[in-house]
Amino acid sequence: MARYVARRLATLVGIVFVISVGSFYLIHLLPGDPATVILGTGASPAARAALYRQLGLNRPLVAQYLVWIGHVLHGNLGVSFISQTPVLTTIRAAIPIDFELILISQVIAFAGAVPLAMRAARRPNGILDRILSAGSFTLLSIPPFIIIVLLVLLVSIKWGLANTGPSSYVSLGSDWIVNLESLALPSITLAVGSFVLYFRVLRADLITTLQEEFITMARSKGLRQRRIMWRHAFRPSSVALLGTAGVNIGGLLAGGFVVEYLLSIPGLGYTLIAAINSSDYLLVQGIVLVVSVGVVLINFLFDFLTSIVDPRISRE
Amino acid sequence: MSDRPTTPDAPEIGGDLAAARPPLGPLFWISVGWLGLNVLGAVLANVLPLVNPLAQDYNFINAGPSLHHWLGTDDLGRDILSRIVFGSRVSLLVGSGSMVIGFGVGMPLGMLAAYRRGRFDAVVTAVMYVLLAFPAIIAVIAVLSFWTPRTLLKIIIVIGAASIPLVYRVIRSATLSIATREFVTVAQVQGARDGRIIWRELLPNVAPIAVSFLLVGVATVVTLEGALAFLGLSVNPPTPSWGNMINESRTILSQNPWLAIFPSIALGLFLLSLNYIGDRLRAHFDVTEVKL
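Protein chains in written order, with the working numbering: chain D, 18 to 333; chain L, 59 to 350.
If you are wondering where the hints come from, they were derived from the structure by calculation, not from laboratory data.
Do not rely on the hints blindly, as some may be mistaken.
To be verified - Covered stretches of chain D, as calculated for chain L (at least 3 residues, CB under 8 Å):
# : stretch
1 : 40-47
2 : 127-141
3 : 214-228
4 : 238-249
5 : 285-294
6 : 305-317
What the hints assert, rightly or not - Chain L is nowhere near these chain D residues, computed Cβ spacing over 12 Å in every case:
#  : residue
7  : Ala19
8  : Thr58
9  : Ala63
10 : Ala64
11 : Gly73
12 : Leu74
13 : Val84
14 : Thr106
15 : Ala110
16 : Pro113
17 : Phe231
18 : Ala235
19 : Ala271
20 : Gly272
21 : Val275
22 : Leu322
Everything numeric in this text was worked out from a predicted model, so none of it was measured.
Cβ coordinates follow ideal geometry from the N, Cα and C atoms, glycine included.
Starting from the given sequences, assemble the full structure and let the hints guide the process.
Following this line, the structure appears as structure tokens:
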């Protein structure tokens, strides 16, 4: 177990290093002198000097990276030249919104996927299973940006439900009911993708598990269907579900960009696109770094959880 | 096309399993037809009797479907049907172009790594798994936001590069399951060269898996391009694409829902038929043991 965790940690450090080099190098993809592009042509010499100092631009590339990573490790992602606020402050304000969005969407997705997968797996190729499998296959092909647009068209424009449309976001602190209303459509959109994934993985795994001998044993003991499903079948099958959830939740951090963008919800995704459109390159760089590291950390966390639930994984 | 396209050369696989193959079904051929129609439309868009996708008709601003404009017009009075047909070019170009890059690099690497094993395999696989660790969309957005100005070619290159690790993983595991089979060992014992074994023994057996994954891969990269276009990070207006049409409808959803609905249907049906064909082919060639 300890060896497994140590090995995973070493990989994690390697991946984070690669991400940091990639994020650092982004600035150098800009055409021409980074200082001119970041500050604009009308910048004063003092501002240019400040940027050169902040990024160490007149030094060799390796030294620049060391300067930059030194700042980053001290929590300094630079100060935006557009808004004059530290990049980290902006990111800190946005993160809780993504967290709330992902949390709500996962509650909906699990609450739907687990019971339905159990129902479907009890009679593979039955009517319910066929409908759910065909439906989930169709939904799998529909990208989230289409789902959110159609939901907004239907719910907030056709039905006219208040506080669900674009720009209706209110922070959790000021009015939690309106906050939940404004997050309803984006979290349902994210939940649809997760639901489809969880349903398909759990259904397939349950069908295999239900053919195991210990299930026949439990049946012949006369245990109730409910108890067999939850205690005997769901527990071994939850390992696959957990593994899928880890990758999926990490991906949602980036998948949330689209729904936030449409509804102007000021999470990381909306902030990132706004930063790209206003050429706030330091903020873009900071968000890319934080989101990438966040995704990798979430994956690591779930790998760890999976190995606790199923210790066999760590012995392989 | 016959009912059984590209039967593998090796009789070991083709012979006895062919009887157990599930039929492709009518929905499969409908999907193939729809896909063909899309390709035909994109290729022949200039020849077809369509309005210029950039021409503005001031008598029809944000108009719904009518005899003049079958699918209505957008906020600048441009014909939605024409823009959808011309817009399919972006999706098809991104889908095929980036898969050429993804398969061109990922497939030889994956086959070589799985056949040779050893240090080469270990190093390449480790690098690819590091690259797979974070979602492609972040890397693609990051690179495209700095590497300006954005052109279709750059978008294809970036998305294609991002797809290499995915292709590599699938092809490697597909090759692994075949490279250990008896007929490969027989060829080795007979003294066949590595190049010949990869070309004549492995490739024909990996090809069906590669084709079914190729379709899913096209769907994935087209979705990615759609998301980029929706975020305003793909080809610049006024060039139409399904994604940027939905993006343009964003601010006028209540006045003109058709501008959002029709491109969404076009993109949705396109992706659905790709995924369905890929799924049926996978079941047909019975490649479930390969993790896709």
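key: Check on Phe231/D being off the interface with chain L, judged by Cβ distance over 12 Å   = Non-interface label stands for Phe231/D: nearest chain L Cβ at 24 Å, farther than 12 Å.
Whether Ala271/D stays farther than 12 Å from all C-beta atoms of chain L, as the label says = violated, 5 Å
ask   = How about the stretch 238-249 of chain D: do at least three of its residues have a C-beta closer than 8 Å to a C-beta of chain L?
value = Not satisfied, violated; 0 residues make the cut.
query = Regarding the assertion that Leu74/D does not contact chain L, is the least Cβ-Cβ distance greater than 12 Å?
reply = holds, 15 Å
ask   = Closest CB-CB distance from Thr58/D to chain L, is it above 12 Å?
value = holds, 15 Å
inquiry  = Using a Cβ cutoff of 8 Å, are there at least 3 residues of the stretch 214-228 of chain D near chain L, or does the coverage claim fail?
reply    = violated (count 0)
request  = Check the non-interface label on Ala110/D: least C-beta distance to chain L beyond 12 Å or not.
outcome  = Consistent with the label, Ala110/D stays out of reach of chain L, its closest Cβ about 20 Å off (over 12 Å).
key: Nearest-CB test (12 Å) between chain L and Gly73/D   = Gly73/D clear of chain L: closest Cβ-Cβ about 18 Å, beyond 12 Å.
key: Distal placement of Gly272/D relative to chain L, Cβ over 12 Å   = Check fails; 7 Å does not lie beyond 12 Å.
query = Would the least Cβ to Cβ distance between Val275/D and chain L come out above 12 Å?
reply = Its Cβ does come within 12 Å of chain L, the nearest being 6 Å, so this is violated.
query = Should the label of Thr106/D as a non-interface residue stand, given a Cβ cut-off of 12 Å to chain L?
reply = Since the minimum Cβ distance to chain L is about 21 Å, Thr106/D lies beyond 12 Å and the statement holds.
request  = Given that the stretch 40-47 of chain D was listed as covered by chain L, double-check it with a C-beta distance under 8 Å for 3 or more residues.
outcome  = holds (count 5)
Hint compliance for this structure: hints 2, 3, 4, 19, 20 and 21 are broken, all remaining hints hold.
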